[in-house]
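Please model the complete structure; the sequences and the hints are all you need to start from.
Residue numbers (the working numbering), protein chains in the order written: chain C, 1 to 509; chain Y, 1 to 291; chain F, 1 to 381.
No lab work stands behind these hints: they were computed from the structure. Just so you know, not all the hints are guaranteed correct.
Derived DMTMM-like pairs: lysine to aspartate or glutamate, alpha-carbon spacing no greater than 20 angstroms straight-line [what the hints assert, rightly or not]:
1) K227(F) - D385(C)
2) K227(F) - D380(C)
3) K206(C) - E466(C)
4) K178(F) - E240(Y)
Spelled out from the first residue to the last, the chains are:
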Amino acid sequence: MSVPTAAATTVLGAYGITKRYPGVLALDGVDFEVACGEIHALLGQNGAGKTTLMKILFGLLEPDEGELTLHRRAVRFRSPHDALAAGIGMVHQTRRLVMAHSALENIVLGHPRQRGLLNLRAARQEVEALCARYGLPLDLGARVWQLSEGERQWVEILKALYRGARILILDEPTSVLTPPEVQTLLAGLQALARQEGVTVILVTHKLPIVTAASDRVTVLRAGRVAARLRTSEATEAALVQAMVGREVALRASRGDAAAGPPVLRVEDLAASNDKGLPALRGVSFVLRAGEVLGIAGVTGNGQDELAEVLAGLRPATAGRIYLAERDITRASPLERWQMGMGYIPADRTAVASIAAFTLVENTALTYHFDDAYVRRGLLDDAGLDALTQEIIATFNVRTPHRRARAHHLSGGNLQKLILGRVLSRRPRLLLAHLPTQGLDVEAAAFVRSALLEAKAEGAAVLLISEDLDEILALSDRVAPIYEGRLAGVLTRSEADPATVGAMMAGLRR
Amino acid sequence: MWELLTRSLEASAIFLFAALGELIDQRAGILNVGLEGLMLFGGTAGFITAQLAGSLPLGFLAGATVGVLLGLAHGFFSITLRGDQVISGMGLWILSFGLTTYLGNPYTGPLGMARLPTIGGLSPFFLAGIVLVALTWFVLSRTSLGLAIRSTGENPAAAEASGIAVTRLRYLCVAVGGLLAGLAGATYTLSYNPVWNYNFLMGWGFVSLALVFFAMWNPWILLAGATLFGVMWQLSLSPELVLPGVLSRYVWRMLPFAITIPILTVISTSWFRTRYGLARPEALGRPYVRG
Amino acid sequence: MRIGPYAVTLEERTSLPAGYSVLTAVAAIVLALGLASVLFRSPEASLPDAYRAMFTYAFANPHGLSATGQRAIFLLFCTYAFLVPLRAGLWNIGLPGQVYAGGLAAFAVPALLGVAHAVPSGPAALPIVAGMVLAAAAAGALVGGAAGFLRARLAVNEILVTMMLNSVLFWLVAYMIKEGGPFMSATGEGESFRLPAGLQGPTVAGMPFTAGVAVAAAVLLDVLFAKTALGYRIRALGENPLAARYGGILPVALSLFVFAVGGAFAGLAGYHYFAAVPGVYKIPGNYGYYGDLAFYGVISALIARRSALGAVPIAVLFAGLSLGARFAQGLLRLPFGVDYALLGLLMMTFVASHVVLHFRLAWRRARPTPGGRVPADAAEG
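Structure follows, in structure tokens:
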């Protein structure tokens, strides 16, 4: 296919865009152009400025400097309202949907034609026609919380199209989808672009998505444009180079498994989610000392519940958990810490740390019950201070001071502090839930090698991750999870990406 | 008996106005625990204005205006400043409790004005309350404004991304909520019990707040709950009409408060929550940071 | 908002000035006192006279000074009663109810022992006095603990529960002391029986012994929160309940604990005012006033923020102000309720000073709108 020259058909342009946050220059004089009917990938690492640029294009932020053009005329978007009215639709990475409302109510929300009385019947007919055109079986009356992630994303795309969007911005659209859902999405987007002339901007940090679906690509690095290429002319190596700026070892080296005695044994474990519905439906596995078991899966297949039940934060509705052959199914989180379990939760800021506490006080979070640091009910402040200093040094935590408050730390440094705190207890069982989510490449690599080090020292590691590459790079065995059940437990040699991907999608058992 | 019933329904109307205002606030995601303060201030302002101007309508107008202003003050703190809504609400209540005691004191005593006309002894406020319930239900469930309000209370980020002006909508809701709370207070001091006394409400606002939770944010259930509590309240004030000589009158006064605690407990059990709990606005009490 | 060529926005400060909580406290109090001048407008006296009357009565007049001290002890107990649960992130506004419960329990001891009108004295009475103190603390703890338990176990809104308990206990006191209630005085004046001399709270140099308890408690509370593992757990729970659970802290037990401790302090406040302040020694007919006064405890805890010792001067000041304001009101024939108005003003200025220190007005030159051809603007509305 031929890509039209940008100069002739640029629909949306951004020129000299600069945006500052307190202490950070997020965008520094960025130029960005997309042409009519193309799929344009905006590629970059976390923190490169993709999200900021996208928010500016959609009116969620206003740039400090620079100008936007639409059909080559200057525009100013003061709010998403302006962008929507100009025919720009946005599909966010985290779903912007009201879970308690129906798909249809979400689609009509804020639509200019739905003023005054709601006319849901007419809207339903129109949206059903759109669904039929793209072959989407979607129950419009269903509450959004009952839909799968892939369906929810289509609700957002339909919502944008229903509002007459001619430019669609999708932020990390594949991050929570199964491989088959990704195929459906990309095929659908290509149909939209080719048949309807809709312009699609794909914001992503995933190379395979870029090469599979886009016509052109703009690479951002540290707030500046690092490359602007036609996809057909770009090599993966060139894109990586542009994105990272230098060579980075993407894979940690995995030591051999020297599996020891069983540390964690889980039998038919079941649990409910926050709504009281079954989320974990009978999971069994054995985890040995000195091995990494990777639980691979797409968000919302019971991973949260699995991690929380194992950590003692959520009651099991059935089944048993044994830690070193002791039944801990009903043990409190405190007892589990004392028995040698270490837990790295998925949510660093909401669960694993206390923003208003100093780093030392955050260290105390898993030591306030430890006789080595509590004497006659008094916390050993000097001891905790020394321990924190050691964690900061060993785990390379960049912080002004150990008495600084945790909310001053960046995501990567906070995660290193949490990791260091958990590992400093020398746990025999380590639960790591999404340990590298949202981290930059370097911090992620650091966390991964620390997990492998813990394994080498004899810890049993349970890694729950949505990043298939990470799972395959670190795990000795892989257990894909689908709808609250393990689809099987594969050895490293059985676990190739295609097999695991299919099992994550519920295709093979 | 008929008089007991009509008095009860007028009491119900006061609960209904206040709780309906709070319900609208909460459907938009704003929690105002200072409801009693708004009612106290609205009632006191209404009483003083009516007495000075010699006009009941002006009194109601003053009560409503003060309610709106205090509602907006709560809005400023919780929406614009994104402060802790509990601090702001409790602050408003203590502020109102303190200031109304001072401001109203010279007017202590009966209002001394003609009573409002009734319909066969029945106060028009209860009928107005039913109309308001129907109107609120209709707006919330059948109009785009209602969908926008409900979405704002569930997920303000989603609403904003759909082009809803979340901030403006929340201000609208706190203003309407304040208006209804002010009216509730004025109804108390100008019609239900037209005598000013320090801290005359003694808990009406907090009971109204509890009613919103009991009603699971549904205006029709709220109507039933407010009616029930109106009757119970009236009974607790004059138990001798039904059960003469049984227990001290002070024991009866405890009844509406004492009964609220077990109801609150039941609706908080996980059994009840998994069954009926989905109605709670997801973003209730949480400040919204744009972007 | 736009003013001329500038856009004015309210921005949250990224860093707070050093010692900002002290600044907040001072600013709030000074501002409230300034605003109080509106209350003191009187044809009878000039403004400086009114302030002078208030302060001299509260802090220079021997009679006023001892009244200030006794009220300060009451406010301090109320402050702790609010402060301890607040550190765990919970709002105990059930102070009045817990104060009433403490008062009732204290009077229940002699009533149940049948010594209400007999006159045990000397050392024989001491165990009974100790029993009264313990009963008051236990009753407050029970009432507070009930709310804490419901909150911790079922996440029942503690504000509603404590408010309901306030009303329930208010009427319970009325039942006990009025219209033939069990604690009614012999003369039937709508107040409780008077404690016989032997059972009145012992005094040391004219001050009730509860003064020592209050000051010791301030030291203990500050040590608890700054140094101990228990205090750490309470603070962690208050800052982030999810992280606290993650760290092995038991929210149910702790919530119950802080509410019980808070309730016990409020119960002691009730004991202090009704059974240990010289010249009272009964539950008076206007007991509701002491319940209202308890809300000064909420404000002094909010203003003192983290420190119980820091609350001591604030409580003394508030005690003096509320008393002095009443005195000035009588002297200058001001309307009733100056002390209530001051309570409201303090709350208002506390919130306002909080805002002033956390936010700043930012003036920026607004970007010029691209002239004329702005499709987005046309579509707006």
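Tested hints:
Our distance criterion of 20 angstroms between C-alpha atoms is met by K227(F) and D385(C), whose separation comes to about 14 angstroms. A hinted pair counts as satisfied when its Cα atoms are at most 20 angstroms apart, and K227(F) with D380(C) qualifies at roughly 8 angstroms. Taking the CA atoms of K206(C) and E466(C), the gap is near 13 angstroms; set against the 20 angstroms cutoff, the hint holds. Among the hinted pairs, K178(F) with E240(Y) is consistent with the structure: their alpha-carbon atoms are about 18 angstroms apart, no more than 20 angstroms.
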